[in-house]
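Same order as they appear, the protein sequences are chains A and B.
Here the numbering used here is used: position 167 in the first sequence is 167, and no number is missing along the way.
Here the numbering used here is used: position 35 in the second sequence is 1035, and no number is missing along the way.
Since the hints were made in silico from the structure, they are not lab data.
One or more of the hints may lead you astray.
When the alpha-carbon atoms are kept at most 20 Å apart in a straight line, the in silico SDA-like pairs for lysine to any residue are as follows [claimed, not checked]: (1) B:Lys1263 with A:Ile129; (2) B:Lys1216 with A:Arg118; (3) B:Lys1216 with A:Glu131; (4) B:Lys1218 with A:Tyr137; (5) B:Lys1216 with A:Phe12; (6) B:Lys1218 with A:Ile129; (7) B:Lys1263 with A:Arg118.
Chain A regions said to be covered by chain B (calculated; three or more residues, Cβ under 8 Å) [to be verified]: (8) 134-148; (9) 162-168.
None of the values given here were measured: they were computed from a predicted structure.
From the three backbone atoms N, C-alpha and C, an ideal C-beta is built for every residue, glycine too.
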Amino acid sequence: MSAELFSVFYQFADVFAFLILSAAGLAIVFGMMGVINMAHGEFIMCGAYVTVGLVNLGVPLPIAQILAALTAGLIGIIVEFLVVRRFYKRPLDSLLATWGLSLIVTQSMLLIVGSAVRGIGTPEGSFAIGEYTFSTYRLVLFGCAVAVLAGLYIIFMKTRFGVIARATMQNAAMARALGARTGRIYSISFGIGTALAGLCGALYAPTMTLIPTMGATFVVESFVTVVIGGANVLLGTAPAAVFLAMIRMALNASYGQIIGQIGMLVAVILIVRVLPEGLSSVLVRRGR
Amino acid sequence: MNSARRFGMALLGAVLGTAAFGAAQAAEPPLKIGLLEDVSGDLAFMGMPKLHGSQLAVEEINKSGGILGRQIELIHLDPQGDNARYQEFGRRLLNRDKVDVLIGGITSASREALRPIVDRTTTPYFYTNQYEGGVCDASMISMGAVPEQQFSTLIPWMVQKFGKKVYVIAADYNFGQISAEWNRKIMKDLGGEVVGEEFIPLGVSQFAQTIQNIQKAKPDWLLTINVGAAQDSFFEQAAAANLNLPMGSSIKIMLGFEHKRFKPPALNNMHATANWFEEIDTPEANDFKKRWHAKFPDELYINDMGYNAYNALYMYKTLVEKAKSTKLEDMRKVIATGDACIDAPEGKVCIDPKSQHTSHRMRLISVGPKHEVTVEKDYGTIQPYWLGEIGCDLTKKNDKDQYTPSHLPNKS
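Turn these sequences into a full structure, and let the hints steer you where they fit.
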């Protein structure tokens, strides 16, 4: 029986980690900044490719993963400066611009790196409970997801930067009038967002096939989580991921992956219909 | 003056006319080969070798004098794994470019999207993949292996070696569904048991739940007919969770070269039946591999799709030259004689007149812990007999249908 219980927890943790890690970066870029970043998946892909490249050069995996996240963040800051900056007042045009960017990046990767890259293998380690065996690395992913949530909370709620960033997102003109350098705040926030996307790719790189279009497998889940999370990223994303993970896990376990996917998306449609502002609107109201 | 000018024009016209006539005699326009292969998108890693195989064959055929003395020209379009684009590009190649032959398609979904469009023309169509079998259509010539060559060999061997309980992971579209149906039929005939079947939507990459479902069902072995780069992540995740079960497949190793793409031992204990895999060690195969790698030094693996795509052009050459015509009806007269054969790198392969599918020399291969490939059993040449047995006979009737064990032709 304990094996069954642990199995349920493990499956929940697995889906939860996937949703949080793929959505965290987008929560900032789309949820807070309002940039519909269609190239989100490509920042994830960037993190994965940099990780594998560095590991093949002999860099230990955890260091490669941190460097990959930093690389994605740096590229994000450059992209913000060159492209995204021009679209803050035109969110629908930002969709088009970032989608174009995504197409250019996937095709260039295909031409430069080729259609398939040899994987690096998941770090060893598995354990058995009852009749089931589990991969230790999947629990590491869960730990990372919780750490990312905690990190976001600290950065945006407990630091001076966080206060100014939230002020900028709420009312940029007022923030500027009070002396905040909003341009730099936007730039750094976008960088944090893409670094988290890169971290997602870096963490999942050992467990997946690397192809230039791999980001696409994360994009639906990440947008869905952020959208039903609602405007308040810190209060929205985590409960959204818990909720979606429970639905998906339960349906996956009883009816297989197809029903799991359909069920999750149906739940999303219902929530968007009933709570157009997302889950965080309810939580914020209760909180007051 | 006026008449002199007219005479001059007439003379010029005559000279030009003769020149054009002379040129036409010296070289007829090239034969146009329309090729639809995905070289971007989720299946690009499989499609790239198909494009390369076609390019290699075209280059070789042109160097040795072309087909019926005519050079051949490859027109390749990239449908990017999108079935709507397959149809759009198919129409463009058939109706606008007026190609002499159409080749290509990766997934069975793309083939079925294309087939009705081809059927409205008189252009021959070569499908160059192994697939779930059953297409009885006079316009289509199939170059890859089919279930009676792959599953009727592999599944009894797996049952004998590992046991009677199988769990199936299949991609959720016609290929996966019909292949799973074949497995059910063969397992039933063998007195085996399918303890679980899971159909996975294309693009899904997370398998923790699937792995536990498998452990709960306690199968003796797995049939893995999952498709595409995302679904291939199953192998890495199963290895990380120490699932450690023998696996069989009709598309792994020789087609998706997972043993080259994943770090060992993720593909340990995988088994497949194949007409081609790069590890085949015969003089003909080695010579072919040498030519391929000379032209494409960066190729990770020459997969069976790429190999079949290469053969398709030689089969087309043979058919056209024996028929002395590029017309489908004339080519089919050659097929009807049962004499449509080529000497391929795997050995001699022939087109079966009833079904227009290809005979193949089949071998059962297995992958070891260091991802080394060994040949377990050589079945010799196996005919594509199933369609003929159930009543498909294209020499008499064009069904334009796809049959499965549960969808058989009406006996009349």
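Evaluated hints:
1. Between lysine 1263 (chain B) and isoleucine 129 (chain A) the alpha-carbon distance is near 26 Å, which puts this suggested pair outside the 20 Å criterion.
2. Straight-line distance between C-alpha atoms of lysine 1216 (chain B) and arginine 118 (chain A) comes to about 31 Å, which puts the hinted pair past the 20 Å bound.
3. Taking the CA atoms of lysine 1216 (chain B) and glutamate 131 (chain A), the gap is about 7 Å. The hint holds against a cut of 20 Å.
4. For the given pair, lysine 1218 (chain B) sits about 23 Å from tyrosine 137 (chain A) by alpha-carbon distance, which is inconsistent with the 20 Å threshold.
5. Of the pairs offered as hints, the one joining lysine 1216 (chain B) and phenylalanine 12 (chain A) holds, with about 17 Å between alpha carbons and a cut-off of 20 Å not exceeded.
6. For the proposed pair lysine 1218 (chain B) and isoleucine 129 (chain A), the alpha carbon gap of about 15 Å is at most 20 Å, so the pair holds.
7. In summary, the hint linking lysine 1263 (chain B) to arginine 118 (chain A) is supported, as the alpha carbons are separated by about 7 Å, within the 20 Å threshold.
8. Counting residues of the region 134-148 of chain A whose CB lies closer than 8 Å to any CB of chain B gives 4, which reaches the minimum of 3, so the coverage claim holds.
9. Check result for the region 162-168 of chain A against chain B: violated, 0 residues qualifying (beta carbon to beta carbon below 8 Å, three or more required).
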